[in-house]
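Here the protein sequences come in this chain order: A and B.
Just so we're on the same page, the numbering used here is the position in the first sequence counted from 1, plus 19.
Just so we're on the same page, the numbering used here is the position in the second sequence counted from 1, plus 19.
I should point out that these hints are in silico values taken from the structure, not numbers from a laboratory.
The model shown is predicted, which means the values in this text are computed figures rather than measured ones.
From the three backbone atoms N, C-alpha and C, an ideal C-beta is built for every residue, glycine too.
Hints may contain errors.
To be verified - Quick list of simulated restraints, FRET-style, between CB atoms:
hint, chain 1, residue 1, chain 2, residue 2, range
1, B, D45, A, Q330, 41 to 47 Å
2, A, E345, B, K59, 31 to 37 Å
3, B, A322, A, A213, 28 to 34 Å
4, B, S207, A, L384, 33 to 39 Å
5, A, G200, B, A128, 47 to 53 Å
6, A, D371, B, R53, 44 to 50 Å
7, A, G85, B, A128, 48 to 54 Å
8, B, G102, A, Q330, 33 to 39 Å
9, B, G280, A, A121, 33 to 39 Å
10, A, D316, B, G228, 42 to 48 Å
11, B, A83, A, R53, 56 to 62 Å
Claimed, not checked - Chain A side only, calculated, beta carbon under 7 Å to chain B, not exhaustive:
hint, residue
12, D43
13, A46
14, G317
15, D336
Number of protein chains: 2
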Amino acid sequence: MLNDDLIGVAGGRWKLQTPALVVDLDALERNIARMADHAKRHGIALRPHAKTHKSVEIARRQIAAGAVGICCAKLGEAESLAGGGIDSILITSPVVSEGGIARLMALNARMAELIAVCDSAEIAARLDTAAGEAGKVLKIFVDIDPGLGRTGIRPDKAPALVAQIAGAAHLEFAGLQCYAGQVQHMESPNERRAASLSALQELGALRDGLAANGLAPKAVSGGGTGTFDIDPDAHVLSELQVGSYVFMDRQYNDVWQKPGGRPPFETALYVQTTVISANRSGLVTTDAGLKAFATDDGVPVIAQGAPRGAQYFFFGDEQGGVLYSEETRKLRQGDVLACVVPHCDPTVNLYDRYHIVQGDTLVELWPVDARGRSA
Amino acid sequence: MLNDDLIGVAGGRWKLQTPALVVDLDALERNIARMADHAKRHGIALRPHAKTHKSVEIARRQIAAGAVGICCAKLGEAESLAGGGIDSILITSPVVSEGGIARLMALNARMAELIAVCDSAEIAARLDTAAGEAGKVLKIFVDIDPGLGRTGIRPDKAPALVAQIAGAAHLEFAGLQCYAGQVQHMESPNERRAASLSALQELGALRDGLAANGLAPKAVSGGGTGTFDIDPDAHVLSELQVGSYVFMDRQYNDVWQKPGGRPPFETALYVQTTVISANRSGLVTTDAGLKAFATDDGVPVIAQGAPRGAQYFFFGDEQGGVLYSEETRKLRQGDVLACVVPHCDPTVNLYDRYHIVQGDTLVELWPVDARGRSA
């Protein structure tokens, strides 16, 4: 496998064909262990979100470290990771189309535990009918809208939907899901804490109201990397859906670094890129452009290979530009840079595989199993 | 093949699992024919850029319509399309790494015509050595920088590099490449015309100077969709590297529509997306987010399925939001929208296949063969 992709060079080190997605294995392992310890310490379950990594191997390592299962964003992602042997999956987006519901039932039939989310009475009724026809009960988390308006039902309307699902012949009311996406990247620690706890307070009131009516949710699932150390204090979530902590990225580093702190997890993900043109003064061009990084939030940060202060910019679909000072060193064609990615999830989704490294040594290639499985 | 991906519904029509990349076959064919006619009329060769579509099937149709071959942006893209039988390929980015040069020679050995670009004396020397060792002459276009500073050598420095390559034992000086990326999306027709012709004038002077010294380039390759109807007037380019015209996108539609004109090519590419949550007034959520569209230039334009005036916004990695007026119709879970993509090339690179449709009928699935082949 190695020889397809890598060219051996003198000294036992490897050069990658770039742009290449690179994972620092030791940092990844420490991140996985750190989050597992955190959850254990707070008596909260961990159901990491695999939409970040889309990798059977990383999901396995998260489960080996104590996770109860994983989350997937989409049905196709769940099909892919279930195919790799992951046997407890929550699909965090509503599945509503006729074709999607048919695939959901087929997946449920072959899994130990599949949980779907639902935010409407009409879809709940259709899921119940389909589960009945398929002959296997489907577990449902009712999806609660924390005020973001993306998916979910507002807490005041939720009890009726919970009652409908709890009373459905072929559905099991297994819990609540509530993901406050809007608070994860707030850079003021106080605002982030206040916003997250406020969303959870509302969720806690719903949970208590349901319990008083004999409909206590067995699980309450939510949270993210930005609030991993805030949410346990509310004593509402029973499981954390954290995703990005395995890799980190510039966005999440900013959450801690901008107010002057240190990120609680290490940057484990990089894109390596090679200088392909160097005919200008203080400017070189690399082989990683718009197809090599997600571009929704800023530019990559050069972490290695260029003089301090060098700035990356997008230079079209196929190339990146690097502006730098030539005072200490002139960059040349063939020089390799490593970049911290602006946003990890959609960047990973561009690549077919991870190059897993320890120091300068490439130790494994892992497929991005569910790459592109957005449907 | 169809049954894996599609769910048949009543009436013989098909519903796609979304988000899905959809191509209107008739519009695609008309675009291919229109550009081929244009080139023929102007006596200029066509070497369409496959970085847009990354598809063997579309490359074949372009060649069948008269193209002399295709362009690829990267070595991996060229390997993929050559593997599909495309036998004349220009790789438009410099290949400079040791591993890349080895792969380039292996590809050259098995192709009828492979052309690489070069913008430095050092790389030219290494390519010459490698081609000598591989035992097959490699064709080279000297890459000229039109002032953009991305790749290429400035015209004043080019003659020495041309002479070096023309004199190299294992290289063939096959021509010049010059891509003025900076002018393609200029929305003022006069500015676009002036900027493009000015870059070409400089290139023409270089060509004439080389010819006067017995180094006339056999080909001069460049241009793009934004200047396809300007560049022939300069009588400098001998072949056009147009890419986006096959699909079009919001960016290129703007080039003609913003000054009040009509795009010369039809929109042939769409992303279909399904409404998955509809609990708010005037707002629904669809299943296509940051992983379903390139995000480097604005948002998708809803072309079908929503009331007039509906606006799409990115709502996270996995979802899109649609703001609309409920006056004429309320959108519901399961409703399907078709969107014009903001930028076609990097959007295509997110998908594993094209759903080829004629009207409401799905007629074929084509793989995006070179998806992710950025290295």
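The hints, checked one at a time:
1. B/D45 with A/Q330: 41 to 47 Å: holds, 46 Å
2. A/E345 with B/K59: 31 to 37 Å: violated, 48 Å
3. B/A322 with A/A213: 28 to 34 Å: violated, 41 Å
4. B/S207 with A/L384: 33 to 39 Å: violated, 48 Å
5. A/G200 with B/A128: 47 to 53 Å: For A/G200 and B/A128 the Cβ distance comes to about 51 Å; the hint holds.
6. A/D371 with B/R53: 44 to 50 Å: violated, 34 Å
7. A/G85 with B/A128: 48 to 54 Å: Because 52 Å falls inside the window, the suggested range holds.
8. B/G102 with A/Q330: 33 to 39 Å: holds, 38 Å
9. B/G280 with A/A121: 33 to 39 Å: violated, 46 Å
10. A/D316 with B/G228: 42 to 48 Å: Holds - the Cβ-Cβ distance for A/D316 and B/G228, about 46 Å, lies within 42 to 48 Å.
11. B/A83 with A/R53: 56 to 62 Å: holds, 57 Å
12. D43: At 19 Å from the nearest chain B Cβ, A/D43 fails the 7 Å test, so the hint is violated.
13. A46: violated, 22 Å
14. G317: Result: violated, 12 Å to nearest chain B Cβ.
15. D336: holds, 5 Å
When each numbered hint is compared with the structure, violations occur for hints 2, 3, 4, 6, 9, 12, 13, 14.
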